[in-house]
Structure formats: structure tokens, C-alpha cells
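Number of protein chains: 2
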Amino acid sequence: MQLERIRNISLRDKVMSAEQASEFIKDGMTVGMSGFTRAGEAKAVPKALAERCKQQPIKINLMTGASLGNDLDKILTESGSLARRMPFQVDTTLRKAINNGEVMFIDQHLSEMVEQLRNHQLTRPDVAIIEAVAITEEGHIVPTTSVGNSASFAVFAEKVIVEINTLHSDKLEGLHDIYIPSYRPSRTPLPLEKVDDRIGCTAIPIPPEKIAGIVFTSTPDSYSTVSGPDVETAAIAGHLVRFLKDEVAQGRLPKNLGPLQAGIGNIANAVMMGLLDSDFEDLTMYSEVLQDSTFDLIDAGKLRFASGCSVILSERMNSKVFDNIEAYQDKLVLRPQEMSNHPEIVRRLGIIAVNTALEFDLYGNVNSTHVCGTKMMNGIGGSGDFARNANMSIFVTKSIAKNRAISSVVPMVSHVDHTEHDVDILVTDQGLADLRGLAPRERAVRVIQNCVHPDYRHQLMSYFERACVRGGHTPHLIEEAFSWHVNLEKHGTMHLEHKQSCDSQQ
Amino acid sequence: MQLERIRNISLRDKVMSAEQASEFIKDGMTVGMSGFTRAGEAKAVPKALAERCKQQPIKINLMTGASLGNDLDKILTESGSLARRMPFQVDTTLRKAINNGEVMFIDQHLSEMVEQLRNHQLTRPDVAIIEAVAITEEGHIVPTTSVGNSASFAVFAEKVIVEINTLHSDKLEGLHDIYIPSYRPSRTPLPLEKVDDRIGCTAIPIPPEKIAGIVFTSTPDSYSTVSGPDVETAAIAGHLVRFLKDEVAQGRLPKNLGPLQAGIGNIANAVMMGLLDSDFEDLTMYSEVLQDSTFDLIDAGKLRFASGCSVILSERMNSKVFDNIEAYQDKLVLRPQEMSNHPEIVRRLGIIAVNTALEFDLYGNVNSTHVCGTKMMNGIGGSGDFARNANMSIFVTKSIAKNRAISSVVPMVSHVDHTEHDVDILVTDQGLADLRGLAPRERAVRVIQNCVHPDYRHQLMSYFERACVRGGHTPHLIEEAFSWHVNLEKHGTMHLEHKQSCDSQQ
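Which chain is which? The protein sequence lines are G and R, in order.
Be aware that the first sequence starts at 1, since it is given in the numbering used here, and climbs by one per residue.
Be aware that the second sequence starts at 1, since it is given in the numbering used here, and climbs by one per residue.
Errors might be hidden in some of the hints.
Since copy identity is lost for identical chains, a pair holds within one copy or between any two.
Said to hold, decoys possible - In silico SDA-like pairs for lysine to any residue, Cα to Cα no more than 25 Å straight-line:
(1) Lys245 / Tyr183
(2) Lys375 / Glu479
(3) Lys194 / Pro181
(4) Lys245 / His120
(5) Lys59 / Ala234
These are computed hints drawn from the structure, not numbers from a lab.
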């Protein structure tokens, strides 16, 4: 039964245990693994590797598409096998190790890592471990629920280990569109002009002799933990849907808005859910991760086509989609993240990009990654790929956090992932600020009036007014720009009245 | 004589004085003007407008390609006619008005403004004023020494005023390649695959009836004020050339490096001059501004082809090039800035981008625009268009400024124009830091060891070490991150020993 998934018969004698396959990985190696937003990651071999580390210390440089499911980042971190990790993660244990300086984490635009491998600007993987639905007659690899960087990892690696996960239906074959840009400087235009164009092949084309081991698994992907809209995220969605309707009315957007991209997580998911109750029709997505909301929109007849590089679903939606994947075959494609996030395509298609901010400031700079400027949360992910090149770059966040102790709108962000030059629209539960065509002083007034929580409005206006007295194109009180963050670290709140008297001398 | 430059005979009765043409501009209008890095700007009509302002106050929203020559930004600022200005400037008087909040300045990626006009995200110009060499039989406009945003301004404006500058040789015709991307969402790939591809036409195609007035002028472009290499810029060039040679040796770059982009100014010019004495051959440029160094490299047989969107030269080089422009016709093309800086092309061609930083920090974030976080210098220009999408993104700066009072390498930049995610290589006169594939803590060590001036090395290492004790992926002492800038503002130096005792309590 299982062996039928290996349609290239000469490869059937490469089947081995995860423990055996893990032996290909030696201390100091660079390993490229499938897996993007906890979907489609290799599951058995990394676990076996972590086990081996208990006997003999092995340190690897681990590259993936994005985050891993099944606690793999936790397990690998605890085993001590991660020397370096890129380009993204969401795991609490790994995050701690990164912030302690124990794991070197390289936080990268998700479309760029493979380009840097292609140019040898990063070390190419010695071993690639790719989760697959099947191996074709030609020995090509059919991915599962994510493509991520799997195709280029397999192409660049010396050796490839395939994990065939029999829990995934073999009907996933045909869902993927594997296209790899040619080498520069003789690269030709990427031939993708519409979200539903298919320009590549349905499996990862590598010479079969590179496949060094095949492991069978049947562990499911982790389910998405995304929760439904709450009062604040529903308010954010409401502001955004009203704004988009107005943009259409003004002739600035086509009736179906153009292709949509939505970042991962509750807020972006809620925003997409907001479109369910809207009048918009014939919507399309050209995004990175496809979440529950994508399929809710498809099921409701609102969304005509979704292009992504991974699918991560809640338990409810998972069986609904994957048990009926044929019903979605003509509405869905999964591409390599280099293609789903490619600047060339994002600019060409005119994407509306909706991503989540950790905090933003008066002037529209966005922090997506660092708590108080120092502690890594997850990583920039694809937000920069989209925000920079999108038709419209939208960032959403709740106006306050931690029981009002934190304002997400601050005088100056403590880390910049998206500069004022790349941010068009800011939305919180309080309202929406359209920053297009505005100078910094004008942006500030709109952000204060529309986005900041009332608890912090006076405090932010006070900062801005005093900064304006001092002057400058972008008025700041440089010695006070981080006073909210400092106060948070010292006194647990950004409310400045809660500070010690000694600070007031500053 | 002059009239022969208007080859469409029906347009010859549109000739008028600059004063008459300026009457098309009414209070509150948006005006799109030719001019990029002080080359090819309309010269007579804006002056006449400034004169009119003495009688009746007129406020306009002025858009250009980039900076204007002939003191026009100064003259317009002093006349009080600038309400808004975008996307770039370099003028002292205008800069002061911007920093005083008197002129609203929108500092934008140079490739993006026209895209925002196309989508009506910015107000389209009521009037376009375009400097030209000639008007063709079809009524199309042949630009002069820059293309900038002229083509799209002329296409989008209600009325077009053409300034035919007879000082420019009519042999410039044929130099330009005017291509305008189609509307989204049905845009097709930009068909440019090599730096010397010509994909458009040689004049700006507009219906002749849009031309409302034609003014003859004979004022030259301002000369470039770029100076030759000094000890520090020569050192920067030396570090960079050595690095590039090594990249070729390692197989990470082709022998001719791939297309080069260099920002404007003395440092980038010096870097390009450094290539003159190198072994590199068959070089190409796909850049924004072509400066003296471009033509020195062409004349030396080092540079095969240069694509830009404007040419700005010193007095010496100006006559050498423009008196013999035929000799350069097959080595040169001028494109709209949307094309010279387009993300799609920059990524496809694999450009080596060299731009100047005002300051950069421990972790590779770059400030290109704001002095001490508040005061606008010039603007981001095209640096972001290139840095984000380039094969290799290099930033150069002298390690110190203002007689050692300022270190260009700081704990945290006071404004971010290019994030750590978009910066590969940093170079100062002290040395070069290759940040590719490094985590923040690793980047910091390289920056301290290689880039910072010895005067500040200990002080920066002290900051970094103390920050590491506190921890975080990107270690910072958030309350001290701007202490160097604060010290500079209070005591005129970034040397912290020169601070008042009261500060030491912080």
C-alpha cells in the first residue's frame, strides 16, 4: 500500500527508518526542511535527530520555509541541536533560546532566502528533508500542505530525504505549481500574470539518485490555533471593509479589489472574515498562508481563487477541506514561497496586503518583530515582501494590549520592520488612518485622531505637540522617544503617570 | 531656427512666453515638473510662476522626478508658492522650510510615485511642465537630460507645457526609452531582460492637443558639484573593490559583477571611480543617475553600457559628453524613473546596489534621511527601490563626520530608511562588514570590528556588551539607545565623556 506512493520503482529500496535517515545529518551541516506556518513539515527525521543528540551532540544550521508544527522547533531546541535557524519561527522555547543568544536566528524576508542560496550568498543545504504525498515515476517529489522552500532546498541539497506522509490524501497531487526562477543575470520575466496561472510543474523535479532515503510517516499537521473574531478584531475588519468599499466607489480599486494578501494570525483572519458579510464578490487571493477564512470565503462563493504557499487550518476546517480536496482543485494552488511572495509578481498584480503590526508609531513606521526593541517575537515573515511592493500596504493591530498597559501606537517604534515609506493604511479597533500622500506631521494628526486608544490619546498628542515645537520634518523628542517603552519595562505600563519621580528629571 | 524644433506644425502657434504659460497654473493646483537630480528640469515657467507669486499668492502641490537645478526649489520656496513637495529635494532653503513644517514634504521611493498616480492614490497633476529637446511630427515630446517622471506626468496631466531648451543638442533624440507599464490588474511582465534592451519609444506619446503652451529657453542644467575622491572615499572604494574581487573569486558574482547601481554624491562616485583602477571589465550599469564616473568608466573602456534616468555632470565632463553625444549613443539609455528603479527589473537583473548612508547601526539598520531622527536632509530617493530588491545591497559612509564629533556608526539609528532585512554590506573608510547570513549579535561584532572609527570603538563595544547582558535577539539598552544623539544635540559631540554629570544618572 505504502510503497505505491513511490511510483519510481527503483527508489523503493531507499525506504528506511527515521533513525537511519537521520544518520545522513552530521554535526555542522546545513539542513533544509519543508514546513511553512506549521504545515507540511518533515515530522519523523527531525524527531529522530533530536533523539540522536541525546547520545552525541550535533549542531546544525536549520533552514525551513517558515514555522514548524508538531512542536519540532521546541524539540530541536531542547535537544540542543540548533546552532542557527532561519528564516522564521513561532515557538516559545526556541524564541527564548534566540533571545538568550543561544540560537543564532536570521530573520529574513521569506521570498529572499532561496535567492541568496541560488547565489551562494548563504550556505546551501547539505541535506534536505521534504514531506511528500508521493514520489512520481520520474522520481519527482509531490509536496503536501505547504511548498515553502522545499523545491529549491531539494534542488540545492547534496542529499534529499523524503518523508512520505500517508495521512495526507494522494489527491493533493496536482495542487502545487512548482516554478523556479532561472539564474541571473540571464533571468527572463516570471510568466505569471493572473492569480490562477499555472506556470510550473506539479512535483519537485530532481534527479532520483539524489534521494538518499525515504521514510514513511502518518503524523498529522498541527491544527491552526486561530480563534474567531472578537470585539476588537471585528471592529478592525469593519473599519477596513468600509474603507475598501469607499476606495471602490472612488474608482481607486477595481470592484473585486484586486488580489488580496493576508498575514497569519487572528487579526488578519478576522479581517478576511469581515469580507464574508460584505458586498464584495469575485474576490481572489494571492497570499502566503491560506487560513480558515480563505475557505469560508470560497464556500460562501465570495472568493473565486486562492494562491498560497501553505494551508493551515483549524480542526473543524481541516477535515472539511482535505476530505473534499477535489472540490477545491480548480480554486486553489500552492506555490514556492519565492513565487507566492515575489516582488515582481506582487507589484505586477497590484496586491492589497494586510499584515499585522506589533506596534506602529505616529509617522507610520511599523514594528512587526521586536518587543521593546530587543526581544524577538516570531520574525518579519512575508510581510515585507508584500508591504513594499503592494498596491496598498495595510497594517492592522489592536490599539492596546496587556490589559491597557501597552499602547500599540507609540511615539517611535522600538524596532522598524516597515518604514514610513512602505506603509499606506493603519487600522486599529479605534479606526483607520489613510496615510497616502501625507507628510509626517499630517500623518501624526491622523494616527492620533483615528488609531490610538483614548487612554493614550492625550499622552501621544502631548508628545507630538512638544516635538513640533522643537521642529523637524519628522518631529521627535529624541531623548523621550522611547519613554513609553522604558516606563513599560520599569513599571509595567506605558502610562507615564505611573513612573517614578526620578525619571521625571530626564 | 527655434521653430524647427516643433516638427508638428500645428503646434507652432502654441509658442508663448514663460509668463503666459505660467498663467495655466492656478492656486491649489498640482503641478508635475520634469527634472531629476538637477538635470532636465523645466526652467523658465517655474521662475515666471515665482514672479507671479509676488503679485498674487499661489500655492501649488509640486511633483518632480527628483531634485531641481538652477536654484528652482529655493526660488519657489522663497516665493511662498510651495504648499506640498514630493518626492525628493536637495535644496538648503526648501530643506529649512520642510523642517519648519512650512512645506509639506512627502519623501517617497522614486519608483512608486507614478504608480500611485496611476491608481489615483495621489492627485494627478493639473498641469505638467516638461523640458524638451523637440516636439516630433506626432506631437510627442523628446526629453532632455532626464526622463524622471516626465512621461507619466504628461500622460496624466490635463494640460502640458513644453519648454524647448535649445541649448541641448537635438542629437539627444534617440537617447531615451519611454516605456509605461500598463494598468493593473491586467499588467503584463515588463519586457526588459538586459540593461541595454530598448522596449519603448524615443519620445513621450501624448495627444498633441494636450499641449497648451510651448516656451523656448536656453538655460543650461546646473553642473554637478561632485568632488573627486579624498582619502576616506578612496579607502571606501578600496575596501569595496577588494570585496567584489573576492566575491567573483568565490563564484558568488559573475566576472563583470552584474549590473551596477550607484547612488548620487561624492562617496558613491568615488566608489565607481575605484573600479577604474580595478581589473574588472565589461561592466554595465542599471542605475538612476549617471554621474562623471559613469563616463570616465565608459571612456576607459571598462563600462560597456549604462542605463539611467538622468545625467548630471561636472562642467569638465558636461561638454565632453554632450558635445560628442553620438559617441555614446550605443552605450547609453535614459528611462523613466519608474523603469530605472523598478522592483521587477532590479530583482530580475540581479543588481549590485551601492548607496550612501547618513548613519547605520550595530545591527545593520540604515538612516539615509534624518539628522538626529528629526531633520530631513534630502530624502530616500531611489535607495530603497534598489536596496530591497538588489542582488547585493551595499551602504557606504565615512566613519566620522564634523571633525570627529559625529560617528556614522551608532548604537541605534535615529530613523530607519533601510531595515536590517535589506542591508547586506556596510563599508566605511575603516573597513567592510559583510552581514549576509548573520544574526544580530554576529552582525554587531563585525560592524564594531570593521566599520566604526577607533575614536568610537570602545564606546560602541561598551554599549553592545552591556546590552548583551540584558539580552534579547537584538540587544539594546532602550533608555540609552539614542544617548549618542542626545549628547550631540546637547554638547555638540557623540563622545559621551563630553556630557554633563547630571546625564550620568540616567
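Verification of the hints:
For the identical chains of this complex, Lys245 and Tyr183 are inter-copy neighbours only, at 20 Å across copies versus 42 Å inside a copy, given an alpha-carbon limit of 25 Å. Taking CA atoms no more than 25 Å apart as the test, Lys375 paired with Glu479 passes in both settings, with 21 Å inside one copy and 15 Å between copies. In this assembly of identical chains, the alpha carbons of Lys194 and Pro181 lie at most 25 Å apart whether taken from the same copy (17 Å) or from different copies (16 Å). Taking identical chains as interchangeable, the C-alpha atoms of Lys245 and His120 lie at most 25 Å apart only when they sit on different chains, with a minimum of 15 Å there against 46 Å within one chain.
In this assembly of identical chains, the alpha carbons of Lys59 and Ala234 never lie at most 25 Å apart, being 45 Å within a copy and 42 Å across copies at closest.
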